[in-house]
Amino acid sequence: MTTETRHVTRFELLMDAGFGAQKAGDILVGAFAKMGKFVYIEPMIPAEISPPPRTKPALSGVVIRLADFDITNIGNDTDLILAAHEVVLDRRLDDEETNFNCQVILDMGDKTVNEESYEKICKRVTKLGYSLYPFNIDPEVEAIVKKIGGKGKNLYYLGMLSCIYNMPNDFLLEEIKKTFGKKLKEEVMDQNITLFMHGYNYAKQNIPLSYDVPSKADRTDKEKILIDGNTSLGMGIIDAGVKLFSGYPITPASSIMHTLAKEFPSYGGMVHQAEDEIAAIGTALGSYYGGVPAVTCTSGPGLSLKQEFLGYAAVAEIPLIIVDVQRSGPSTGMPTKTEQSDLPAAIFGCHGDNAKVVISVANVIDCFYAPQMARYIAEKLRLPVFIMSDFQTANSYKVIDKPQVNEITNIDDIPDFVFERFHINKLSEPIEMVRASQVNPGTPGGMRRITGLNTDKSGSVNYFAGTNHRSHEIRNEKIHHIRRALRVPEMFGPPQAEILVVGWGSTRGAIEEAMQNCEKEGLSAAGMHFRIVYPLPLMLKDIFSKYKKVFTVELAYGDELKPAPLAMLLRNETLVDVRPMISRATGRPIRPRNIKDKIKEFLGK
Amino acid sequence: MSTTNTQTNSLPTPLTVKELHTENPRWCTGCGDFGIVMGVKRFMVDKQINPSMTVNVSGIGCSGRAPNYINTYGVHGIHGRPITLALGLALARPDLNVFVHSGDGDALSIGGNHFIHGVNKNFKCVFMLYDNELYALTKSQTSPTTRKGHPTNTQPKGTYLEPLNAVRLALGIGASFVASTADWIPDHLTSTLEAAYAHKGFAFVHISQRCPHFDPNNFDHKTTNWFAFLKHPQGIAPDKRIADKTELVEHDPHNLENAFKLACDSKRYFGLFYRDENKLSYDEILRSQVKAAEPKPRSKILDHYKLE
Chain A
1 MTTETRHVTR FELLMDAGFG AQKAGDILVG AFAKMGKFVY IEPMIPAEIS PPPRTKPALS
61 GVVIRLADFD ITNIGNDTDL ILAAHEVVLD RRLDDEETNF NCQVILDMGD KTVNEESYEK
121 ICKRVTKLGY SLYPFNIDPE VEAIVKKIGG KGKNLYYLGM LSCIYNMPND FLLEEIKKTF
181 GKKLKEEVMD QNITLFMHGY NYAKQNIPLS YDVPSKADRT DKEKILIDGN TSLGMGIIDA
241 GVKLFSGYPI TPASSIMHTL AKEFPSYGGM VHQAEDEIAA IGTALGSYYG GVPAVTCTSG
301 PGLSLKQEFL GYAAVAEIPL IIVDVQRSGP STGMPTKTEQ SDLPAAIFGC HGDNAKVVIS
361 VANVIDCFYA PQMARYIAEK LRLPVFIMSD FQTANSYKVI DKPQVNEITN IDDIPDFVFE
421 RFHINKLSEP IEMVRASQVN PGTPGGMRRI TGLNTDKSGS VNYFAGTNHR SHEIRNEKIH
481 HIRRALRVPE MFGPPQAEIL VVGWGSTRGA IEEAMQNCEK EGLSAAGMHF RIVYPLPLML
541 KDIFSKYKKV FTVELAYGDE LKPAPLAMLL RNETLVDVRP MISRATGRPI RPRNIKDKIK
601 EFLGK
Chain B
1001 MSTTNTQTNS LPTPLTVKEL HTENPRWCTG CGDFGIVMGV KRFMVDKQIN PSMTVNVSGI
1061 GCSGRAPNYI NTYGVHGIHG RPITLALGLA LARPDLNVFV HSGDGDALSI GGNHFIHGVN
1121 KNFKCVFMLY DNELYALTKS QTSPTTRKGH PTNTQPKGTY LEPLNAVRLA LGIGASFVAS
1181 TADWIPDHLT STLEAAYAHK GFAFVHISQR CPHFDPNNFD HKTTNWFAFL KHPQGIAPDK
1241 RIADKTELVE HDPHNLENAF KLACDSKRYF GLFYRDENKL SYDEILRSQV KAAEPKPRSK
1301 ILDHYKLE
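Those protein sequence lines, which keep their order, are chains A and B. FYI, the numbering used here numbers position 544 of the first sequence as 544, with every residue one higher than the one before it. If you want the numbering used here, it's the position in the second sequence, counting the first as 1, plus 1000.
Calculated from the structure, these hints are not laboratory results. Predicted model only: the values in this text are computed from it and were never measured. For each residue, glycine too, the CB sits at the ideal point set by N, CA and C. Incorrect hints may appear among the rest.
[To be verified] Here are the computed lysine-lysine pairs in the PhoX-like style, where the Cα-Cα straight-line distance is at most 20 Å:
{"hint": "1", "chain 1": "B", "residue 1": "K1300", "chain 2": "A", "residue 2": "K262"}
{"hint": "2", "chain 1": "A", "residue 1": "K178", "chain 2": "A", "residue 2": "K224"}
{"hint": "3", "chain 1": "B", "residue 1": "K1296", "chain 2": "A", "residue 2": "K402"}
{"hint": "4", "chain 1": "B", "residue 1": "K1306", "chain 2": "A", "residue 2": "K262"}
{"hint": "5", "chain 1": "B", "residue 1": "K1306", "chain 2": "A", "residue 2": "K216"}
{"hint": "6", "chain 1": "A", "residue 1": "K182", "chain 2": "A", "residue 2": "K262"}
{"hint": "7", "chain 1": "A", "residue 1": "K402", "chain 2": "B", "residue 2": "K1300"}
{"hint": "8", "chain 1": "B", "residue 1": "K1291", "chain 2": "A", "residue 2": "K224"}
{"hint": "9", "chain 1": "A", "residue 1": "K182", "chain 2": "B", "residue 2": "K1018"}
{"hint": "10", "chain 1": "B", "residue 1": "K1296", "chain 2": "A", "residue 2": "K178"}
{"hint": "11", "chain 1": "A", "residue 1": "K23", "chain 2": "B", "residue 2": "K1306"}
{"hint": "12", "chain 1": "B", "residue 1": "K1306", "chain 2": "A", "residue 2": "K222"}
{"hint": "13", "chain 1": "B", "residue 1": "K1306", "chain 2": "A", "residue 2": "K34"}
{"hint": "14", "chain 1": "B", "residue 1": "K1300", "chain 2": "A", "residue 2": "K222"}
{"hint": "15", "chain 1": "B", "residue 1": "K1296", "chain 2": "A", "residue 2": "K262"}
{"hint": "16", "chain 1": "A", "residue 1": "K224", "chain 2": "B", "residue 2": "K1300"}
[What the hints assert, rightly or not] Take a look, some chain B residues computed to stay more than 10 Å from chain A by CB distance:
{"hint": "17", "residue": "N1056"}
{"hint": "18", "residue": "D1215"}
{"hint": "19", "residue": "K1240"}
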């Protein structure tokens, strides 16, 4: 069997929830990265803890993209699937994310449970034109799985994948030992290793597939870390000098709280789990009014609940950092699927005229620095500042050069490169406040009251027409400060082109890759990406007017009669006929190829 | 943003009631809130509490305006949520005195969840429930404590339900300090606030508050036969001015069972129902977590994720 060299490939391991597919993926990805390969991993997580096995909702797995160049997203289609049984395979095929010559490796162990179903799905695979490699785990090996509680098959599959992707087994064994070393009894560990080796050897002898992705990542000069978006955000909160985290459990934001619950006290920070979403933001505001930086994290339903306090923060002039890890909405929607549809709720959510700033994150490095950027703006303007992440960014992880740690105590410590990363200049002084005094409690003789009622400059409650309008002007002028400080957003592709494709947050990777491919194919298109998505820079109309067409790509619903949220915002800000190019609410990440195909279509090629 | 917490509670010059004045309150003539705010001021003067180190926190309603009329730091928040704001201050700034002003609608209806959890968390604050037994600022609607049969704009034929008993509720959810007083007995009100301030935890003070505009009959402040004072060496002294005209009932504030009995009685009692000095405070617990944690240098926060 010859080994085929691939520059980029994508594969999946599909299992039932609770059987360790993600753990196997973690080990494999760590090993790939240490071997000098570029890797991006996206876990597929059900919204329930342990749905009944062998049902479609039980699908749990990992999508791994492997390349010999730096990758920014999960890519297009899957080249190989290893599935624990036919039901999870069937479920995943429904997503239509498989390559035309996909290789499907299917564990036939459950065939006796439902022969008919197996036959039907095997037929589906062949009909799609994919190659099918059915296999059975040896009864002796099955006996080991049973002995350790039925949960070792992930190691067997890990062995198979390690062999297929040409990884040295001793290297993987080291990784397994590092991962489980302290947690497992020696005996169980040995059995896990046996399972891994059985899988490895089985694939070597029976599966005629072997791929090699060249190791090209520079492993020598900089320290590398493997981290997911939510962990990076949690660590970024610590680095930004925040001292109180106040949250309520909600998927997919909770893991930020989990990370901080373990780590924060060692850095002088407190984690408060509130009784509800409203209490969580209220307590963060209480802390920040006291002069102690605080953050609250949530997702869609929690964002709806927090709205009244967001308006209050703007009127009372209390700084606040709020993280929204978006999931598919409205209502409970799809808690473990990605979407960018909270944008209008973040920008315009609460009643009355709104004043807030919305920062988004495109990747795990942004997650680390966004809390610093948010803290700077929140404290300068004394307004709520959003950090918008999403399920995809929160849960996907990749290997990156270890970001510089800034150890911020106050906002003057934030280095210039953070401002550059978010395409904004430092704000010009003075910034006027509604109330002349903004001193913290404890300042001798500075006693002042804040309220959600309108006040005059002295802070006294006042319902006069002129005074109320003044407050609005001052709050909006704070936002104008940002407008004027914003630089040209990040651009991809040639300086001149016919089509401009615009996105924000997690779609950056797909846009960047699509533009690289368009350039290769001579398609006249450029890309633009916003990190700060509200307000928008003032030169936008000038930039847009250089292109024949401006399109958005968004993970949110839109159609011909209703522009998706970003398109709506851009139309409003520029009066340019911006339309969504991709605005589907599937819960799945945008694929670079879809962007390129659409561009081709619009260019008539 | 740096915190200023070098001050202590000691004052350079003696505090007077006049210094605590901000502006004339916008409450109706005869409103019980005047008495409560005066009680707070008197207690602050008696105890010489530093206004720079004090934050009065409130929600929405007539009671919500109180912080605007006391010259300390203040947070007039949103409806039902003052406890959440107060907790943020208590966690972040243990050097500050935190006094919460909330109404029967604010604390027991829209903010009921926070009330339960504030009491249970037992964080350090003085919590004053201004109970006028209806929504007043929105013009006379039924509140959780409106007495059955009393007509309001939302239940014009008379309030349907028996009122919620706030003292019994507080005892039931494990309050570590439960006292009751009234806006028209200033000495008792002041002594109650002093006892509440001395308590290390969530000090719940129920205050019967008159609302002459919407319900002139809710409390008859001219007679004394419909209530009694609780009396005990470890309790709060009965109001000197009317003690001789009022029934005095012996009650040990450590006797929870008897506290429940009194709370359920048809007679109203003013005094200290219950005090538990040993209940742990959530704010103390969180701070002790920080103290107990092994300090780590921030420069190494990403090292745990290194590929080795």
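Evaluated hints:
Between K1300 of chain B and K262 of chain A, the direct Cα distance comes to roughly 15 Å. Compliance with the 20 Å bound is thereby established for this hinted pair. Between K178 of chain A and K224 of chain A, the direct Cα distance comes to roughly 17 Å. Compliance with the 20 Å bound is thereby established for this hinted pair. Between K1296 of chain B and K402 of chain A the alpha-carbon distance is near 18 Å, which keeps this suggested pair within the 20 Å criterion. Distance hint between K1306 of chain B and K262 of chain A is fulfilled; the C-alpha atoms sit about 18 Å from each other, no more than 20 Å.
For a cut-off of 20 Å, the pair hint linking K1306 of chain B to K216 of chain A stands: about 19 Å separates their Cα positions. Of the pairs offered as hints, the one joining K182 of chain A and K262 of chain A holds, with about 18 Å between alpha carbons and a cut-off of 20 Å not exceeded. Distance hint between K402 of chain A and K1300 of chain B is fulfilled; the C-alpha atoms sit about 11 Å from each other, no more than 20 Å. Under the criterion of a C-alpha separation no larger than 20 Å, the hint pairing K1291 of chain B with K224 of chain A is inconsistent with the structure, at around 32 Å.
Between K182 of chain A and K1018 of chain B the CA atoms are separated by roughly 67 Å; this puts the pair beyond 20 Å, and the hint is violated. As the CA atoms of K1296 of chain B and K178 of chain A are separated by approximately 23 Å, the hinted pair breaks the 20 Å bound. With a CA separation close to 18 Å, the supplied pair K23 of chain A and K1306 of chain B stays within the 20 Å bound. At roughly 11 Å between alpha-carbon atoms, K1306 of chain B and K222 of chain A fall within 20 Å of each other, so this suggested pair holds.
Proximity of K1306 of chain B to K34 of chain A is assessed by CA-CA distance (about 10 Å); at most 20 Å being required, the pair is judged to hold. With a C-alpha separation of about 15 Å, the suggested pair K1300 of chain B and K222 of chain A falls inside the 20 Å cut-off, and the hint holds. With a C-alpha separation of about 12 Å, the suggested pair K1296 of chain B and K262 of chain A falls inside the 20 Å cut-off, and the hint holds. As the CA atoms of K224 of chain A and K1300 of chain B are separated by approximately 13 Å, the hinted pair is consistent with the 20 Å bound.
Taking the minimum C-beta to C-beta distance to chain A, about 8 Å, the non-interface status of N1056 of chain B is violated against the 10 Å cut. Every Cβ of chain A is farther than 10 Å from the Cβ of D1215 of chain B; the closest lies at roughly 25 Å, confirming the non-interface assignment. In this structure K1240 of chain B is separated from chain A by more than 10 Å, as the shortest Cβ-Cβ distance comes to about 32 Å.
Consistency note: the structure conflicts with the earlier hints numbered 8, 9, 10 and 17.
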